[in-house]
Structure formats: C-alpha cells, structure tokens
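As a plain string of letters, each chain reads:
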Amino acid sequence: MGWTSQDDLINQLTTNGKGDTVVTTKTLSSAGTAGAWTLLAGHAGYPPAATFTGTDLTYVPTDDTWSEGTIYTGGDVSPATKHFLSGGAACVAAAGAPWYIMAIDLVGFVPLSGTNVSTTGTKTVTMTALGSSGSKGDRYANGQGLRMFVAADTAMGANAPTCIVNYLDTGGGAGATTTFTSTASMGIGQLLNTGAAANKYNPFLPLAAGDTGVSDIVSLVWAGTAHASGACIIGLCKPLWMIPVPATGLYCKADFVNALPSMRKIPDGANIQFLLFQTGATTSGGTVNVDFDYGYGG
Amino acid sequence: MGFASVSDYVAADEAGQVWVSSFRKTVASAATTTNAWTDYTYFAGSPVANFYASTPLAAALIEADKGIYTGGNVAPATKHLKNLLLMSAASAAASTANGRQEVALCDYLLYYPFIDTDAIGEEQVFDNTVTMPRYTGGKVVAVSQSAASTVGQFTFTYTNQDGVAGRVSQNNFTFAVAGGGQVVSASGAGASYNPFCYLQAGDTGVRSIESVTMSAAGGGLMCLVIVKPLLKSVVSQESRRTTSGNLESYGACTELASIIHQAGAPRVIDGAVLGLLASGYAGSLASSILAGALEIVWG
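Taken in sequence, the protein lines are chains Y and B.
Take the first sequence: its letter number 193 is residue 193 in my numbering, and every next letter is one higher.
Take the second sequence: its letter number 225 is residue 225 in my numbering, and every next letter is one higher.
These are computed hints drawn from the structure, not numbers from a lab.
Where a beta carbon is used, it is the ideal one built from N, C-alpha and C, also for glycine.
Check the hints yourself; a few may be wrong.
Here are a few chain B residues that sit away from chain Y, every Cβ distance over 10 Å (derived from the structure) [stated by the list, open to error]: (1) A147; (2) V151; (3) A165; (4) A189; (5) A201; (6) G219.
To give a feel for the contact side, a few chain Y residues facing chain B, derived at Cβ under 8 Å [said to hold, decoys possible]: (7) A196; (8) K200; (9) Y201; (10) A209; (11) T212; (12) A228; (13) M242; (14) P244; (15) A247; (16) A259.
Hey, can you work out the whole structure from these sequences and the hints?
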C-alpha cells in the first residue's frame, strides 16, 4: 500500500526515512537527430553506458539489479508500494532545445546485430511470454501498459528499411505494430521509429487497435533495403512520466504529489531509464541531468 | 464511457489504457501575419505535412497519418485528452517572434480544397459525396493553399449543425499572405483575423458546405476546412538561447492537465485527426518549431 494521508506521507518520509532522492547524469556520445527520441542508457555517465549484452534475438529481462547500469531506488519494499514524489530535469547543450525527458521502466530488451540487422526478412525472437506470477520480470502483469521501441545500440549504417514488430497482446492474442520507416546512420540510443518524417511514431510503436500492452515479442521484420550495418534493440518498457526542458541550462521540476492523478508507482524491480526528445539535433557532448524523489509507506 | 472519478483515470493508466505521442512541426519560411492564425498541420514534421491536396472543390477526409496519433480505435470505450505539453523553438537565437501563441487543438473533419479566390461572382459548387465522419457540426477554417495578393471577400452556403440546408454565411474577408497554411479568414475589412469563419446569425456549427462565392478577389487559392475545436491553450515564451554577450536561455512549456485545468477531459472520438491551429501575437511564426506531446486515456 501507499499512504493513507498527506500526514502519513510526511511521517513515513521524515520519521521513518522511507524515501530518497536519485540523481542521474548522461553525456551524449554523438550528435542527436532533430525531432527524434534517444534512449539515454547507452550513453556515458551515471549509471554507466549500457551495451545491451545478450544473445541475439533472445529477450533479456531487466530489473533493478541489471549489471549494465540501473538506478537504485531502495530495493524491494513489498507489501508497501513505492511511488515517485517529484522529478526534475535539465539539459546543457548548444543546440537541441527544447527537449522532453521521459522516465520509463525498461522491463527488457531484445538485441539484434550482424545479419539480423544487415539483412531483410523475419527475425524470430525467443521470449517466454510475460505472465502474472508476481515476479519482477512480470511486474506489469501480462505486459499490461507496456510499449515498444527500436533503438540503435551502436551507430546504424546506411539505408532505411521499413520495420514491423509482431507481438502478443495482454491476452495472448497476436498483434502487429504499425510499419515504420527506419532512419539511416542514427547514433547510439536513437529510436529508429522516431523522427520528423513520414512513417515515424514518437516515441512508441503503435499497437493494434484496442491493445493495451505487450506480453511477448514474437518477431521483427525488416523490408526494403536493409541497414548496411549496426546493432539495435527492441525495447519493452512502461512509460512513467515526462518533464519538459524549454532551454539549455533551465532546470524544470515536477511535483507528483499535488498533481492529479500522479505519484506513479515504482514496482519492485523497476529499471528506471530515460528517453530524450530533442526538437533540434542535440550537440554531441550535451549533458542531461535528471533527478527524482521517491517514497513508500506501509 | 468516460470516467467517474480521479481514481478511474489512475486505473485506466495502470491498465495501459493510455497513449502518449509527441509531435514536431516546422512552420515554412514564408512569413506569417502577426495576430493571424496558422494551420500547423500544413507544415513539415511529425505528423507529415497536410497540404489538402485532393480533387478541387470535392469534400475529402484528411488522412489519418496527417494527424497526431492517439492510440487507435477503442470503442466501446471512449478516449479523452489527459495531458498536453507545448513548447516552441525560435527560428534563430535572437528571434522572439514565435512567443505568445494562442493554440487550438482541433479534430480535423472535412475539407474542400483549391477554391479560386479570384473567381468573382462565380458560385463554386462543392461535391459532397464524402460526408463529415464525426460530430454533427464544426467550425469552418479558411486555409491558404498559396500566397494571396490582396483582400478578398466571400460568403458560403452550408448545412448547419441541426441539418438545416441553405444557410448563408456572413461576409468573410481574406487577406494577403505569403504562402500556404495560413488561416485567411478575417473581418473588419480584412484586418481583424479570425480562426473561424462567420456563419449565419444563430448557427453554431457547419455539417457540410455546398458552395462558396467570392465577391472580391483574394488573389490566391484557399481551402475551407471543418474542424471541431477540442481545447485552447497558449505558448507563452519561445525557447532559445542567445549566442553573444551575456548568454541567456529563454523558454517555457505549457502544461495542460485536463483533469485539473478544465471541467472534464475533452473526448477524442475514434478516428479523430488531431492537429493544431495557432495565432502568433509576437510576430511571424516562419521557421519556428512547435514541439509538443499529448497523452490520451480511455476508460
């Protein structure tokens, strides 16, 4: 459970110490793409740059013990529930403003590299469907509320194939995302399905009508002219909150306690990561700072 | 159905009955008129540009990919606008022209393209084979599809929100614009800019438009678009950073949470094609970028 009142929240935080503050910093390793979104996990900073290690086409679940870099949020608190209380963000870069920062819980990913990127056709994924076991991997029962994106893990090569991801919805029914057109030569972390052009979807891949989540990633299908090189991931995540950053050097703070509805839950095991939307092409070396407060009751 | 309580919103969110989309539209380089309205759907970006390019004078629907994606059809549930974020990037480090915009989020319903504003006295009759897909009436926006050289005047006949045909609009003016995508409806001899055309007294909406007649030439092409306004907001300050002297950053984000800031969250009907109209009160919006995000929730 969370809190029964504002007084309970204050008591749990100030008397019982059930909460903390997290600060994270990322420095972009390459220039961004105007109008596109970027997954910051692969960029240097705190946590360190993730490389999304795993067997090609095999789903890798991630949680708050992910060895490649996650943010510690106090560990498991069940049967209490943990919630965001506030969030803040700033960007410092000569170009790219304004920005949006979105916090996500990265539930898992599927790595693709080599010929799984440089050839067209269906790339079948090995994944055990998410269920309702209550385990950390199933922290969103049956994939409820989960969204997908395709992000560069290393810089992508030339060409811009079309792409579609087949999946199972929360009830186990087959579904397919809307086809998107990738972008050539996107840098680390940049979402191939996003941008300011036709057949782009920002930031997540549209699901089939009526679907509310993803329980299983079945396959990815490249068509057209394949990327010449590169590696990418299919990311599976739960969107959490978003903060605007209007200009470089401005710090923006969001209060999640007094906004309605808010205090988004942080499930035990959550792997908090961040997506960055850039209106212009953010300068290489641009720095992104994000912080948030969380608390729990019970 | 919609929502009965705040906790209903939370429950819907937890159940994944929510969709967030970002959008980014760059106004073309042709100058826009201060205080006049601009149709952001016409410009490049994401979603892609909507040039109203189809058979002249024939009613047409705007393709879904020209609107901001809102999560697909969810019937029998109903979708509602939960949050809207708006920021505008200046065209240059020293430009303040894109500050102070009034913005209207609309569902684009039906349009009639390529009206010749030079055809004085000729009744340009519309083909209404295609009908309005949502709502029983909307507002009429006159969008330029070319530069226009002078002040024109027109009336149009239409069927109103109650289905009464033969209604005749009040006299509407057009005015000179530098390019397409600019809203050219005006009153006050063409110098008082309106987002929506004036209808016959007593009418609140338009279901279809049967014809248009120019009584004074406007020197261009325009499109009449029927839209359903869902929400109005503002962009208060442009986002930019100076590059000389004392370096300074400017910018603001408009954050509208419909559950807090207005009574009820506007409904987004399945099939809606969402786009934005805006009026720039600080100057021309040329080459500025509107970057925003909206969140849709369904119960």
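Which of the numbered hints are not met once you compare them with the structure shown?
12
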